[in-house]
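Peer 1: Residues per chain, in single letters:
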Amino acid sequence: MFKMFRGMFSNDLSIDLGTANTLIYVKDQGIVLDEPSVVAIRMDKNGKRVAAVGTAAKLMLGKTPGNIQAIRPMKDGVIADFYITEKMLQHFIKQVHNNSFMRPSPRVLVCVPCGSTQVERRAIRESAMGAGARDVFLIDEPMAAAIGAGMPVSEAKGSMVVDIGGGTTEVAVISLNGIVYSASVRIGGDKFDEAIINYVRRNYGCTIGEITAERIKHTIAIAYPIDDIKEIEVRGVNVAEGVPRSFTLNSNEILEALQEPLSGIVSAVMAALEKTPPELAADIAEQGMVLTGGGALLCELDRLLSEESGIPVIVADDPLTCVARGGGMALEMIDTHGGDVFNGD
Amino acid sequence: MSDQIKDKNEQQIPLEQALKDGRLAAQLSVEDIALRLNLKKTVIRDIEDSLDTVIAEAAYPKVYLRGYLVNYSKEIGLDDLESFPQYQQLLGPEKSATGLKNPHIMTYDEKSYNKSLIILLLLFVAMVVGVTVFWKTSPDSTKASAGSASKTDNVEMRLPETASQDVETSTLDIQQQAQPGVQIEKNNALSSAQTTQQNVDNNGLEALSSTSEQSVEITDSPEKTVLTEQTLTLKFKDECWTEIFDATGKRLAFGLYTKGEQLKLAGTPPFNLKLGNPIAADVFYQDKLYKKSFRAGRTANFKLPE
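So the protein lines, in turn, are chains A and B. Read left to right, the first sequence gives residues 1 to 345 (this note's numbering). Read left to right, the second sequence gives residues 1001 to 1306 (this note's numbering).
It is possible that part of the hints are untrue.
Said to hold, decoys possible - From the derived model, a few chain B residues whose C-beta atoms are all more than 12 angstroms from chain A:
hint, residue
1, 1030
2, 1061
3, 1067
4, 1131
5, 1253
6, 1256
7, 1258
Claimed, not checked - Pairs of lysine to any residue, SDA-like flavour, derived with a Cα cap of 25 angstroms:
hint, chain 1, residue 1, chain 2, residue 2
8, B, 1062, A, 197
9, B, 1062, A, 226
10, A, 230, B, 1237
11, B, 1074, A, 318
12, B, 1237, B, 1265
13, A, 94, B, 1118
14, A, 230, B, 1075
15, B, 1074, A, 197
16, A, 230, B, 1078
17, A, 157, B, 1055
18, B, 1040, A, 266
19, B, 1040, A, 94
20, B, 1041, A, 94
21, A, 157, B, 1038
22, A, 27, B, 1282
23, B, 1040, A, 197
24, B, 1237, B, 1248
25, B, 1074, A, 311
26, A, 94, B, 1079
27, B, 1020, A, 280
28, A, 157, B, 1042
29, A, 230, A, 197
30, A, 94, B, 1120
To be clear, the hints were calculated from the coordinates, so they are not data collected in a lab. Using N, Cα and C, we set each Cβ at its ideal position, and we do this for glycine too.
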């Protein structure tokens, strides 16, 4: 009863609870929050307490003293630390509400990987409820991504979406508001970073941190050979000497480093095309597939997929926010169309 | 100056023309572009020949057409695609709202305003609930509603019943009822009417009606209630255990009374009497002896007046 009363003072939210970033979409306001999914925990005599959340916490990654721990509570698209995820969501929900007097109790739609298990979905639902949500709806990420990208999901036509997030890559074929085929591989931005770290250690004998690897990826990473080669100077700790060393990396080296995760994504796409019914596959071959998620911003990834699959590949407009926007649009459809586009869980 | 004019003219070139020019400058045929982009030749021709019509008729979903244009322009090295109005038509409405909106941080005034608004709302709700609960639980409210509804009925409908009542007792009542200035409380109309009107005879009716015309008034205020006290006297001829309550529930007498003792009581009628040895006591109600045969050795429970 009191939750309903509090709900009157809360906005409906669509949350893209991603491994790397959490985005929140509010009806009529758009994307109101885009923060890294990182929480800094301070441990003292009284136990654990949250020291920072989001950007502030991300700045602490790898730079914390003994009593502070910067944690990424999501791993591979699902919850790795239930308590921290709940605290993080609680913080974000409160942050996007104007009302500081009363604890908000909104209706929340959370986007979940289509390959997540029932246990993982339940964990996400419970976590959102624990963070103060009045009602929790779950939607498959590829469906939300397709809606957010503006794909004609309601038509009797095959639409293929590839959502490359921080922890997972989701491939789905959608028709008539339903997912005909979907697959989820645990390859994403984090795996790219990991591949870069491993490459640098293997070839330069230096260790670099996640933040540096991410910077390299954003600056010079490519997925397909190009003429315009970029370079970046990075510093890492030489494993043999134990002292910091500086060295230069170029785009071709990173392309080599990323071969393994990239081939995983290509394989997932090819498998999806193989398993798609012929009529829908023909539609996809004619109009193409759409890339969403942060991974879609990897330079020339669309070309790589286009070359490998032989079909047009399009990067969605503002791919980072597609899932959150699509979730928001789906949330708005609740009252008009019911839960047609929602996952039944 | 001439550069500015040239730039302006270049900007006015439609997108399809710019794409076509770019393709020709790169010495690529339609087939080459279609092959590189994995698109059908008809799509390329549609874009180059009738882009406006394609956009207007929504021949391709926006997301795909926008993607084709991006890929095409990238292939031929056309960098300023976003400056073309045709391309801008394909961007969603949310794209026009550039940048991420920051979460709204409330000012102190806004916070205080919200707090006071919520407190006011809660106070109002509490007041409404309080009033409702008070109204529901108050015995006066239920009696008032019942009394007001039956007040007229009591007077009109009970008058014939009263005509057949005992003459002796009625005279006493009429004397009291006929006293000027007696007020009948609206809330107690039902209970007082029951006790008084039972004893009113025809003569009394006349007197009552005449006095009520002059002085009886019905008021809403319970403070103006005047309770009529009557006397009860018991003379004991032997030992008798006695307990007496009046109409208000007040216990007037309790205990064992012995021979020769006399008990004079005043209270609101009717009186509830419990006598352990009723034959040992003479009961006088309003100085008149109450005559009733009691069995020896049996406790008597009775009400006066009956």
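Peer 1: Could you run down the list of hints and mark each one as holding or not?
Peer 2: Now the hints, each set against the structure:
Against the 12 angstroms criterion, residue 1030/B stays outside the reach of chain A, whose nearest CB is about 15 angstroms from its own CB. Distance check for residue 1061/B against chain A: the nearest CB is about 5 angstroms away, which does not clear 12 angstroms, and the non-interface claim fails. With a least CB separation of 3 angstroms from chain A, residue 1067/B falls inside the 12 angstroms interface cut-off, contrary to its annotation. For residue 1131/B, the condition that its CB be more than 12 angstroms from all CB atoms of chain A holds, with the nearest at approximately 20 angstroms.
The non-interface label for residue 1253/B is consistent with chain A: the shortest C-beta to C-beta separation is roughly 55 angstroms, beyond 12 angstroms. Residue placement check: residue 1256/B keeps its beta carbon more than 12 angstroms from all beta carbons of chain A (closest about 60 angstroms). Distance check on residue 1258/B: its Cβ is at least 66 angstroms (rounded) from any Cβ of chain A, clearing the 12 angstroms threshold; non-interface status holds. Note on residue 1062/B and residue 197/A: the hinted pairing is violated, with a Cα-Cα distance of about 39 angstroms set against a maximum of 25 angstroms.
Simply put, residue 1062/B and residue 226/A have alpha-carbon atoms about 28 angstroms apart, too far for the 25 angstroms limit, and the pair is violated. Pair hint residue 230/A plus residue 1237/B does not hold up; C-alpha atoms about 128 angstroms apart against a cutoff of 25 angstroms. Taken as a hint, the residue 1074/B and residue 318/A pair is honoured in the structure, with Cα atoms around 17 angstroms apart against an allowance of 25 angstroms. About 18 angstroms separates the Cα atoms of residue 1237/B and residue 1265/B, which keeps this hinted pair within 25 angstroms; it holds.
Restraint check for residue 94/A and residue 1118/B: satisfied, since their Cα atoms lie roughly 18 angstroms apart, inside the 25 angstroms limit. Straight-line distance between C-alpha atoms of residue 230/A and residue 1075/B comes to about 19 angstroms, which keeps the hinted pair within the 25 angstroms bound. For the hint pairing residue 1074/B with residue 197/A, the CA-to-CA distance comes to about 31 angstroms; that exceeds 25 angstroms, so the pair is violated. The suggested pairing of residue 230/A with residue 1078/B holds, with an alpha-carbon distance near 21 angstroms, which does not exceed 25 angstroms.
Restraint check for residue 157/A and residue 1055/B: satisfied, since their Cα atoms lie roughly 20 angstroms apart, inside the 25 angstroms limit. Taken as a hint, the residue 1040/B and residue 266/A pair is honoured in the structure, with Cα atoms around 23 angstroms apart against an allowance of 25 angstroms. Our distance criterion of 25 angstroms between C-alpha atoms is broken by residue 1040/B and residue 94/A, whose separation comes to about 50 angstroms. Between residue 1041/B and residue 94/A the CA atoms are separated by roughly 52 angstroms; this puts the pair beyond 25 angstroms, and the hint is violated.
Restraint check: the Cα-Cα separation between residue 157/A and residue 1038/B comes to about 19 angstroms, which is no more than 25 angstroms; the hinted pair holds. Distance hint between residue 27/A and residue 1282/B is unfulfilled; the C-alpha atoms sit about 89 angstroms from each other, more than 25 angstroms. For a cut-off of 25 angstroms, the pair hint linking residue 1040/B to residue 197/A is broken: about 41 angstroms separates their Cα positions. About 29 angstroms separates the Cα atoms of residue 1237/B and residue 1248/B, which puts this hinted pair outside 25 angstroms; it is violated.
This hinted pair checks out: residue 1074/B and residue 311/A have alpha carbons roughly 17 angstroms apart, not beyond 25 angstroms. At most 25 angstroms may separate the alpha-carbon atoms for a hinted pair to count; residue 94/A and residue 1079/B exceed this at roughly 42 angstroms. Distance hint between residue 1020/B and residue 280/A is unfulfilled; the C-alpha atoms sit about 32 angstroms from each other, more than 25 angstroms. Under the criterion of a C-alpha separation no larger than 25 angstroms, the hint pairing residue 157/A with residue 1042/B is consistent with the structure, at around 19 angstroms.
Annotation: proposed proximity of residue 230/A to residue 197/A holds, straight-line Cα distance about 18 angstroms (limit 25 angstroms). Between residue 94/A and residue 1120/B the CA atoms are separated by roughly 23 angstroms; this keeps the pair inside 25 angstroms, and the hint holds.
Going through the hint list in order, the structure does not satisfy hints 2, 3, 8, 9, 10, 15, 19, 20, 22, 23, 24, 26 and 27.
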